[in-house]
Amino acid sequence: QQQVKQSPQSLIVQKGGISIINCAYENTAFDYFPWYQQFPGKGPALLIAIRPDVSEKKEGRFTISFNKSAKQFSLHIMDSQPGDSATYFCAASNNAGNMLTFGGGTRLMVKP
Amino acid sequence: EPEVTQTPSHQVTQMGQEVILRCVPISNHLYFYWYRQILGQKVEFLVSFYNNEISEKSEIFDDQFSVERPDGSNFTLKIRSTKLEDSAMYFCASSGENTYEQYFGPGTRLTVT
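Protein chains in written order, with the numbering used here: chain A, 143 to 254; chain B, 13 to 125.
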């Protein structure tokens, strides 16, 4: 019940296209859903996060869509750039100060 | 911009040896965490620490692991007797009070031979 399932495992997008990564969770106690971006050899960097009281959050080219009834959330990267090529992890938590449960990761490659 | 730092960046050790991984969390943060990531796999939670005690730990965090905040700035993870399967990237993270946002350090790559 603690799992967060992420898809796809890998994604290739042309420059300027939209990248979409999906996550699903089971634990209804989760109330915080961040996305992390990780470049090779680096630590995960917090990209954007959402709480379940809103259905969408946008920051620049990055948007999280959240569907509470379906227990799903997704990351949309608009106008994808080669510099966005990285591994993206969704995660979830059920309280401030509590552990993050991570999805399996999506390796994104944006072709020039 | 404040950031979490970790040392060393790479540690090579022999099986059965003790290792200590060090972290300096963001200065006004109160929650501290260790996660690990085996090569090519997802990030897994190990332990969280608040108010000088462990607040949560996973099944991975067995008796071979311990954490400590020896002074006002450092946060350490000790593995008492390393195994081959402990080879992974170990990430320290920290967060402030009443906030969910966790900030990760650059990691320590532990290689057990």
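Do not take every clue at face value.
[Stated by the list, open to error] Covered, in the sense of this in silico footprint (three residues per stretch, anywhere, with C-beta under 8 Å from a C-beta of chain A), are these stretches of chain B: (1) 52 to 60; (2) 66 to 76; (3) 108 to 119.
[Said to hold, decoys possible] Take a look, some chain B residues computed to stay more than 10 Å from chain A by CB distance: (4) Gln-23; (5) Thr-25; (6) Met-27; (7) Val-36; (8) Ser-39; (9) Asn-86; (10) Lys-90; (11) Ile-91; (12) Arg-92; (13) Leu-96; (14) Glu-97; (15) Ser-99; (16) Val-124.
The hints are simulated quantities; they were obtained by calculation from the structure and are not laboratory data. Where a beta carbon is used, it is the ideal one built from N, C-alpha and C, also for glycine.
How the hints compare with the structure:
no.: 1; hint: 52 to 60; in the structure: holds (count 6)
no.: 2; hint: 66 to 76; in the structure: holds (count 3)
no.: 3; hint: 108 to 119; in the structure: holds (count 11)
no.: 4; hint: Gln-23; in the structure: holds, 15 Å
no.: 5; hint: Thr-25; in the structure: holds, 20 Å
no.: 6; hint: Met-27; in the structure: holds, 24 Å
no.: 7; hint: Val-36; in the structure: holds, 13 Å
no.: 8; hint: Ser-39; in the structure: holds, 17 Å
no.: 9; hint: Asn-86; in the structure: holds, 18 Å
no.: 10; hint: Lys-90; in the structure: holds, 20 Å
no.: 11; hint: Ile-91; in the structure: holds, 19 Å
no.: 12; hint: Arg-92; in the structure: holds, 22 Å
no.: 13; hint: Leu-96; in the structure: holds, 22 Å
no.: 14; hint: Glu-97; in the structure: holds, 19 Å
no.: 15; hint: Ser-99; in the structure: holds, 15 Å
no.: 16; hint: Val-124; in the structure: holds, 19 Å
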